[in-house]
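Given the sequences, and given the hints that come with them, work out the whole structure.
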Amino acid sequence: MEGAAQHPSSSALRGILLMVAAVGFFVTMDTIAKYLSRWYPVPLIVWARYVSNLAVLLVFLAARGDLRLLRTARPGLQLARGLLLALATLLFFTSLSVLPLADANAIGFVMPLFVAALAVPMLGERLEFARLMAILAGLVGALIIVRPGSDIFTFYALLPLGMAACNALYQILTRKVAGLEPPLTSLAWGAIVGAVLLSAAAPFVWVSPQALSHGVLILVIGVLASVGHFLLIRAYEFANATLLVPFTYTALVWAVVLGWLVFGDFPDGWSLVGMGIIALSGLYLANRQRLTMHRR
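The sequence shown begins at 1 in the working numbering and counts up by one.
These are computed hints drawn from the structure, not numbers from a lab. Note that the coordinates shown come from a computational prediction; the quantities given were computed from them, not determined experimentally. Note that CB positions come from ideal geometry on N, CA and C, so glycine has one too. It cannot be assumed that every hint is accurate.
[What the hints assert, rightly or not] Across the chosen pairs, the derived CB separations fall in these ranges:
#, residue 1, residue 2, range
1, V262, R147, 18 to 28 angstroms
2, F155, L118, 44 to 54 angstroms
3, A202, L132, 40 to 50 angstroms
4, V257, A201, 27 to 37 angstroms
5, P121, R64, 33 to 43 angstroms
What follows is the structure, given as structure tokens:
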């Protein structure tokens with residue numbers, strides 16, 4: 001492995017930088033999706049994301065002579081992963097058509113908390129009192145952002161929670177398939193299932209690009225997804241998950257900055273408080289996971 005020949009601190013720093021860059025690519029993709037939703041149906045944008053993502057991956061695998069990685073020994077698990085990922089994307093992009101970028105991203109960050117809860121029945125992990133409190137605190141943070149009873153609390157405010165639940169199940173299934181199949185196989189199948197599923201819906205929501213720039217942006221979404229996932233895989237080659245997970249929360253910084261620059265949205269005080277609670281809850285869970293692994 002390339003990172004193995006490097007000094008440990010240099011390898012860890014490279015992993016962290018790759019993770020921050022990957023997160024930046026994903027939030028940039030979300031930003032473009034929100035922008036395009038002014039003119040195009042969300043299912044069409046999601047379709048374009050998966051089709052262009054798959055095209056990039058096929059070219060990449062073909063150039064490496066690795067098209068054999070498209071074969072899977074776990075088709076059921078890979079199909080379920082792909083369906084969950086496509087549904088998560090559809091829910092999140094739909095929420096972005098209405099919600100501010102930073103708020104939607106922050107609510108979606110309850111996903112690690114859902115993973116911690118679902119890992120108990122699905123992976124046989126223990127749910128200690130401290131972990132339960134962190135999960136409940138994160139949900140409180142999400143409620144502070146959406147504020148039930150306020151004008152912010154609409155159907156769209158619930159969609160990032162649905163996305164987080166789907167993404168949590170996706171992560172659990174990814175853990176189950178990890179070690180059984182190469183990462184690129186799982187990555188490719190996520191794109192394959194999403195592309196096939198959304199292609200069935202695309203003719204019913206089709207709208208031709210209204211400007212050349214829109215067509216370019218539609219293609220860019222898939223490229224951003226491909227590069228982001230590639231950087232994510234590379235990040236885990238240089239550093240372990242317990243070190244990298246906290247840096248996924250840089251997405252909140254990316255979302256606040258891009259939301260302000262592109263759409264003129266800046267979170268209010270309550271939203272910032274909710275984001276802080278969600279981030280702290282997730283970081284606490286990541287730290288407990290790190291300590292647990294060190295004790296083994």
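Taking the hints in turn, this is what the structure says about them:
At roughly 24 angstroms, the beta carbons of V262 and R147 sit within the given window of 18 to 28 angstroms. The given range of 44 to 54 angstroms is broken by F155 and L118, whose C-beta atoms sit roughly 24 angstroms from each other. Between A202 and L132, the C-beta spacing of about 42 angstroms keeps the proposed range 40 to 50 angstroms intact. At roughly 33 angstroms, the beta carbons of V257 and A201 sit within the given window of 27 to 37 angstroms.
Checked against the hint of 33 to 43 angstroms, the pair P121 and R64 passes, with Cβ atoms roughly 38 angstroms apart.
When each numbered hint is compared with the structure, a violation occurs for hint 2 only.
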